[in-house]
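Participant: Residues per chain, in single letters:
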Amino acid sequence: MELADSVFMFVATMLVWIMTPGIALFYGGMVKSKNVLNTAMHSYMPLAVISILWVTIGYSISFSEGNAFFGGLDWIGLNGVGFEPGPYSDTIPHSLFMLFQMTFAVLTVSIIAGGVAERMKFSAFLLFTIIWSLFVYAPLAHWVWGGGWLAQLGTLDFAGGNVVHVSSGVTGLVLAIMLGKRKLSGENTPHNLPLTFLGATLIWFGWYGFNVGSALTINEVAMVVFVNTAVAAAAGILGWLVIEYICSRKPTMLGALSGAISGLVAITPACGFVTVPAAIIIGLIGGAVCFWGVSYLKGKLGYDDALDAFGLHGVGGTWGGIATGLFATTSVNPGGANGLLYGGFDLFWKQLVAIVATYIFVAVLTFIIAKVISYLVPLRVNEEDESLGLDITLHGEKAYHESI
Amino acid sequence: MELADSVFMFVATMLVWIMTPGIALFYGGMVKSKNVLNTAMHSYMPLAVISILWVTIGYSISFSEGNAFFGGLDWIGLNGVGFEPGPYSDTIPHSLFMLFQMTFAVLTVSIIAGGVAERMKFSAFLLFTIIWSLFVYAPLAHWVWGGGWLAQLGTLDFAGGNVVHVSSGVTGLVLAIMLGKRKLSGENTPHNLPLTFLGATLIWFGWYGFNVGSALTINEVAMVVFVNTAVAAAAGILGWLVIEYICSRKPTMLGALSGAISGLVAITPACGFVTVPAAIIIGLIGGAVCFWGVSYLKGKLGYDDALDAFGLHGVGGTWGGIATGLFATTSVNPGGANGLLYGGFDLFWKQLVAIVATYIFVAVLTFIIAKVISYLVPLRVNEEDESLGLDITLHGEKAYHESI
Amino acid sequence: MELADSVFMFVATMLVWIMTPGIALFYGGMVKSKNVLNTAMHSYMPLAVISILWVTIGYSISFSEGNAFFGGLDWIGLNGVGFEPGPYSDTIPHSLFMLFQMTFAVLTVSIIAGGVAERMKFSAFLLFTIIWSLFVYAPLAHWVWGGGWLAQLGTLDFAGGNVVHVSSGVTGLVLAIMLGKRKLSGENTPHNLPLTFLGATLIWFGWYGFNVGSALTINEVAMVVFVNTAVAAAAGILGWLVIEYICSRKPTMLGALSGAISGLVAITPACGFVTVPAAIIIGLIGGAVCFWGVSYLKGKLGYDDALDAFGLHGVGGTWGGIATGLFATTSVNPGGANGLLYGGFDLFWKQLVAIVATYIFVAVLTFIIAKVISYLVPLRVNEEDESLGLDITLHGEKAYHESI
Amino acid sequence: MEEVLTKIEIVTRPEKFDVFKQELAKIGVSGITVAEVKGTGLQKGYKETYRGVTREISLHDRIKIEIVVCEVPVQQVIDLARKYFNTGKPGDGKIFIYELANVIKIRTGEEGRAALKNEQ
Amino acid sequence: MEEVLTKIEIVTRPEKFDVFKQELAKIGVSGITVAEVKGTGLQKGYKETYRGVTREISLHDRIKIEIVVCEVPVQQVIDLARKYFNTGKPGDGKIFIYELANVIKIRTGEEGRAALKNEQ
Amino acid sequence: MEEVLTKIEIVTRPEKFDVFKQELAKIGVSGITVAEVKGTGLQKGYKETYRGVTREISLHDRIKIEIVVCEVPVQQVIDLARKYFNTGKPGDGKIFIYELANVIKIRTGEEGRAALKNEQ
Ligand SMILES: Nc1ncnc2c1ncn2[C@@H]1O[C@H](COP(=O)(O)OP(=O)(O)O)[C@@H](O)[C@H]1O
Ligand SMILES: Nc1ncnc2c1ncn2[C@@H]1O[C@H](COP(=O)(O)OP(=O)(O)O)[C@@H](O)[C@H]1O
Ligand SMILES: Nc1ncnc2c1ncn2[C@@H]1O[C@H](COP(=O)(O)OP(=O)(O)O)[C@@H](O)[C@H]1O
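Chains R, Y, L, X, U and W are the protein sequences, given in the same order.
Position 222 of the first sequence, counting from 1, maps to 222 under full-length UniProt numbering, and the rest follow consecutively.
Position 73 of the second sequence, counting from 1, maps to 73 under full-length UniProt numbering, and the rest follow consecutively.
Position 133 of the third sequence, counting from 1, maps to 133 under full-length UniProt numbering, and the rest follow consecutively.
Position 19 of the fourth sequence, counting from 1, maps to 19 under full-length UniProt numbering, and the rest follow consecutively.
Position 63 of the fifth sequence, counting from 1, maps to 63 under full-length UniProt numbering, and the rest follow consecutively.
Position 97 of the sixth sequence, counting from 1, maps to 97 under full-length UniProt numbering, and the rest follow consecutively.
Each hint can be trusted.
Which chain W residues face chain L? A few, computed with CB under 8 Å, are given here: (1) Glu15; (2) Tyr46; (3) Lys47; (4) Glu48; (5) Thr49; (6) Tyr50.
Derived BS3-like pairs: lysine-lysine, alpha-carbon spacing no greater than 25 Å straight-line: (7) U/Lys16 with R/Lys183; (8) U/Lys16 with R/Lys181; (9) X/Lys83 with X/Lys38; (10) W/Lys83 with W/Lys26; (11) X/Lys38 with U/Lys38; (12) L/Lys250 with Y/Lys183; (13) X/Lys44 with Y/Lys183; (14) W/Lys16 with X/Lys47; (15) W/Lys117 with W/Lys21; (16) U/Lys83 with U/Lys38; (17) W/Lys16 with W/Lys83.
Calculated from the structure, these hints are not laboratory results.
All C-beta atoms, glycine included, are put in the ideal place defined by N, C-alpha and C.
Take the sequences, apply the hints, and build the full model.
Facilitator: As structure tokens, then:
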């Protein structure tokens with residue numbers, strides 16, 4: 001046990017924690033004012049539902065010893081998860097590691113909300129997140145971090161590119177397709193960009209805890225992660241704005257925020273394995289491909305990924321996974337591997353396997369879960385509720401009140 | 001001295017610090033747009049006034065050695081409160097402990113503002129908070145934490161259920177009754193719920209510092225506190241929303257936020273003494289009873305506790321104190337005691353004594369202080385100012401400006 | 001290496017980091033709603049641009065060994081800046097120190113935006129900040145912290161009164177004068193004060209990292225800094241509001257926020273060298289002189305320092321530098337010096353030299369840089385863009401959208 | 001169809017609007033449209049101060065209530081408005097009366113008097 | 001100048017406004033002014049609940065579209081409005097028709113019919 | 001009472017409103033009501049882009065100023081409006097002139113010309 005590490009992980013946990021309300025604000029500012037509360041609720045409820053689920057069973061089936069695909073049931077109800085360090089770190093309380101991971105489980109679900117905004121039923125979404133968290137997130141976390149087959153294969157995913165971002169992005173995409181387009185999907189006029197600014201700020205702020213905290217201590221790797229995270233976000237902004245400037249001569253604020261998040265998503269799997277210049281390149285390209293994802297790909301394929309859960313997290317996470325396979329070097333992290341540019345064709349290949357496996361697993365399971373739920377509750381609100389707004393029809397509230 | 005503990009308490013102090021502006025935003029979003037600045041000012045000013053008061057005298061009469069009822073004057077002007085560890089912790093600087101406690105003193109006062117919103121005079125509130133902090137908060141803190149009679153009696157209040165929440169809630173209630181109802185007390189239409197969301201987020205965020213930090217180090221108890229705080233807040237959301245759903249079929253965002261805070265209030269005195277399942281139950285019931293407090297009790301008794309200072313902090317804190325008497329177990333914290341469910345009738349009884357004593361002491365003193373002030377300054381603004389809004393009439397400002 | 005110190009500096013870095021988006025929100029709330037995005041972008045872009053610049057070259061020319069005026073090029077591209085502690089602290093990774101300083105470099109630039117709001121071209125500002133950061137900020141940081149001539153002279157500037165606040169304030173002023181007044185400079189009606197409240201909250205929150213973190217460890221001096229920062233901000237609020245009350249009987253929320261920042265600016269250079277009572281006095285006077293700066297001086301001299309970059313940071317920083325020369329005492333910090341009130345005429349004199357040198361250096365360089373840029377890009381938008389608002393004309397966005 | 005269609009436009013303070021609306025319903029008014037406006041008149045302005053710079057504001061928050069009636073007597077609406085909005089202090093506002101050429105109900109296409117009838 | 005100037009005021013739901021606007025341009029309407037208003041009529045209200053306290057809200061979000069025409073036939077505008085805004089459910093709103101005395105174009109000072117002409 | 005009551009409705013840019021208001025007071029106008037509206041006319045629209053998706057916006061921010069006068073000559077108000085709001089660029093807006101049937105002062109119950117008088 002090392003007290004300073006515990007303090008560090010307490011801080012990291014707090015930082016990741018605030019990303020979830022950050023997502024709620026980020027998304028909330030982008031929808032129409034009649035849907036802001038519903039959208040924020042989608043991203044906020046995981047703090048209630050997934051947290052309880054996590055201590056009850058989620059943590060166990062993610063992280064306790066099991067087979068290559070599922071964790072075991074040993075740690076159900078936090079049985080055996082106490083102050084004594086667990087298998088994942090000798091220097092911090094096991095329960096602290098569990099809480100740190102709880103914030104990841106919560107966050108992942110809250111990202112999904114971006115794909116379904118402005119039309120999914122609250123009850124259906126709630127139900128979906130519970131089942132999804134158990135049957136998709138938990139196994140995935142086990143595969144990568146809990147000693148499952150992807151870990152055994154030797155793929156690299158430092159802070160959760162696949163587990164958190166690709167998974168939530170692909171889920172958002174599948175749900176968006178299943179739900180169909182919003183009635184006025186063309187009118188993407190964010191009702192309150194300062195709110196989105198604030199949300200993006202909290203997300204970025206928390207991301208330092210997400211990435212650096214994933215080192216579980218402040219060591220040499222952690223410091224590289226810290227620098228890489230800072231510069232990749234910066235480069236993501238530049239990457240996005242440059243393309244945007246080329247396309248329309250107008251560098252936007254929403255673009256800057258989206259670029260920062262793109263850069264952060266892209267560096268997430270790679271941050272502990274690559275050099276600082278590589279991080280800048282990953283961020284730059286991250287900003288650019290995510291711009292392409294939201295402005296071209298989405299329009300081309302015609303799905304209504306309302307707030308770009310896939311456009312940012314799916315596309316960015318995919319690029320990040322590939323980039324790890326390109327830029328990783330053992331000179332940065334001896335515990336890692338060499339990527340393609342350092343002669344490691346092997347790693348590159350494994351990274352692709354991991355990404356493809358994640359896509360398939362997540363997409364199929366999401367489809368099945370949503371299909372099953374649709375027999376219990378309609379996934380989508382009716383037309384009238386959609387046009388009146390989900391805040392008033394589902395929650396009996398309005399976000400803003402004027403004097404009359 | 002233990003550097004890591006100091007770092008931890010630095011972090012905890014920062015977290016509690018941000019709860020106060022959090023309260024200001026939380027409250028500010030719930031009032032009409034013409035009163036948001038005044039409401040936020042009520043919760044913000046303690047950062048200025050009570051801070052200065054605390055270093056000057058408040059800390060001394062709360063925490064220095066005195067009798068069973070009041071602290072002494074030894075530490076006036078921070079005399080003797082320096083880098084050397086004080087009596088409350090061997091591992092952190094005394095001045096750091098003093099600052100950590102300062103954030104509690106500030107926060108408590110800022111909560112009161114919820115009861116008096118939209119009608120109390122700014123000057124009267126300012127005056128009230130100064131006197132109240134010296135004559136109500138300081139003694140209370142001394143009773144419980146400074147070695148006063150409640151400490152000697154053996155009541156349990158881990159992070160300040162009585163000292164912070166019951167006290168501020170009851171004070172808000174008494175002031176609300178003395179002030180009378182707002183002219184349009186029926187129209188509780190929050191002018192900006194995203195602002196309230198943000199405030200509630202900062203409050204919850206900070207609460208981890210509030211509860212976990214109260215352990216003054218990261219030890220076994222601290223980790224239990226961390227888990228308990230997380231799940232009780234989650235359960236509070238669920239408790240509130242379930243009842244709300246039963247009553248009106250509409251789970252609201254404001255309900256979710258209120259539920260989280262209810263759960264947090266309820267777990268505050270208990271967090272270091274109870275098991276995780278108990279914390280979930282305490283949170284669930286916390287959400288439910290606070291819903292009852294704001295929706296039924298308030299309407300029934302007819303006081304206008306505008307933003308539910310009593311409904312959340314008073315009711316939730318009372319339940320939390322009782323729950324500590326029910327669920328506390330020495331298996332979690334050997335420094336604690338066993339509650340009723342573990343055969344400790346004794347503790348249960350003491351908890352009731354503590355609560356009742358707090359109610360009586362706080363209510364009587366609040367009444368006297370407010371009465372005395374009312375001879376100097378009217379407590380309430382006049383009708384015209386109330387209908388024009390307190391922002392423009394008392395502060396010469398408006399929160400929002402359109403283009404014309 | 002001391003792990004707890006690294007954790008502490010990680011926290012401090014995070015805190016200073018969030019000040020920059022805090023500035024963006026603080027400023028954003030104060031402008032008209034048609035300019036909020038542009039204003040926030042000015043303060044946000046340094047997170048992208050200056051960060052990259054800092055790791056590339058900025059850190060090296062600020063902090064690596066050079067002559068009395070410039071740092072060297074040894075650390076370009078973070079060459080040699082790794083996990084091994086650097087010359088500035090034995091107990092934390094060199095790269096962590098570099099990141100901590102990065103947040104200062106970013107923040108300083110983002111403060112400047114206040115002077116140019118609502119009329120400067122985005123491209124011109126971007127260009128300006130890059131050049132300014134290299135040719136003004138980096139040398140200045142070198143003079144004071146990197147072993148340059150001001151350090152050798154023995155002037156005191158604990159956390160960056162000159163380097164950060166006077167420099168950004170004076171730059172804002174010079175740019176404001178060069179740009180000329182806004183068309184409607186008289187109508188200072190903040191479009192969204194709750195946003196400004198939030199920004200000011202994040203700024204204050206982060207300032208604890210700024211000041212306390214500048215000690216690079218939690219030692220006796222750090223604790224004095226912590227207390228001083230808290231009370232000076234509190235006193236700044238009181239100082240501002242008292243004068244405001246005397247002038248207009250209306251203590252404003254914007255005044256309280258501005259007062260807090262004034263107090264914080266004023267205590268920044270002094271915080272590690274003065275006693276707590278001195279900190280209170282510095283804060284009180286800080287609030288008062290900044291009020292004088294924004295309400296009287298600005299009107300009298302007729303420049304349009306739109307959001308008072310100079311009025312708060314320039315005036316407050318100047319007072320703070322002088323106050324350090326008055327109140328500093330070696331009884332608080334043996335590594336400091338005695339100010340005028342403790343018989344140290346010497347220090348007082350040096351403080352004046354430092355301030356005057358900063359004013360002249362910054363003003364002249366700013367003028368030259370802006371002049372040169374004006375040959376490439378017009379500094380100011382045209383009249384039509386100004387009246388339509390910079391958000392739509394420069395960024396193709398609007399901050400808020402109603403239902404139609 | 002020698003029916004007369006009248007628009008009654010009331011510019012006044014927002015306060016008593018809720019009760020007024022309920023009273024209107026009782027006398028058979030079938031619809032109301034209301035908008036937030038700013039108004040200036042005989043009422044004194046107020047001062048706003050931001051960072052020591054004071055601005056005199058003479059625009060007050062008002063609402064504009066528009067009621068189109070045919071069968072309901074205009075005078076009755078005016079009386080109600082005066083009953084609820086008259087505080088005796090400057091700023092109570094004005095009632096403007098206009099004649100309309102026609103009114104059409106979008107849903108049914110009915111015109112004139114019929115368009116304003118309360119179905120049930 | 002026996003020209004007739006007519007103001008058409010449409011109070012309706014905000015939804016189809018965009019297409020309606022484009023159609024108007026096609027038939028030669030040279031300008032539109034639109035405002036956000038609240039309306040109450042035959043449509044049922046909805047409930048809002050904050051902390052367990054329920055409030056019946058009978059004011060709905062509506063827009064008020066004002067179109068002043070001279071040469072464009074009034075009936076054509078009415079028909080278009082009915083086409084786009086008629087959903088068949090209560091709350092579709094009303095069209096009010098007024099006569100104007102005059103209209104002046106600020107930029108040129110032109111009056112009446114000329115003020116409403118589309119230059120090119 | 002052969003008095004004529006006239007409503008002057010000005011739809012224009014928000015910019016010069018403050019000075020205009022002060023000038024009106026000088027010529028004896030006793031009250032003004034103003035609302036934020038959106039307008040579309042001959043003026044070109046602008047583009048907004050969010051995440052690469054561009055939308056053409058043709059609604060501009062405008063204000064609608066309503067002034068009801070009786071004794072004050074209408075032409076004088078029109079002249080003032082043209083003086084302050086004419087920028088020569090499309091988008092300056094229009095002035096609409098209506099006749100009123102009556103005006104009632106809520107506070108005193110005065111009607112017509114008397115309701116519009118500046119007391120002192
Ligand atoms: N001549 C007018 N034209 C248009 N609006 C007016 C006129 N006179 C008054 N108003 C509106 O009525 C409101 C109240 O008028 P005011 O003169 O202040 O009160 P009172 O009628 O009680 O003297 C004003 O704020 C303005 O919106
Ligand atoms: N008599 C009226 N005067 C003013 N506005 C009206 C009137 N009748 C209806 N309205 C406006 O039209 C809207 C729709 O009217 P409503 O009666 O609900 O629908 P419908 O005409 O389809 O029955 C109302 O919300 C209101 O704004
Ligand atoms: N026929 C009309 N009916 C209603 N409003 C109009 C009409 N014509 C113009 N407007 C209003 O006036 C504003 C300016 O009109 P526009 O035609 O753009 O300018 P200009 O009159 O200078 O050519 C428009 O945005 C609209 O709000």
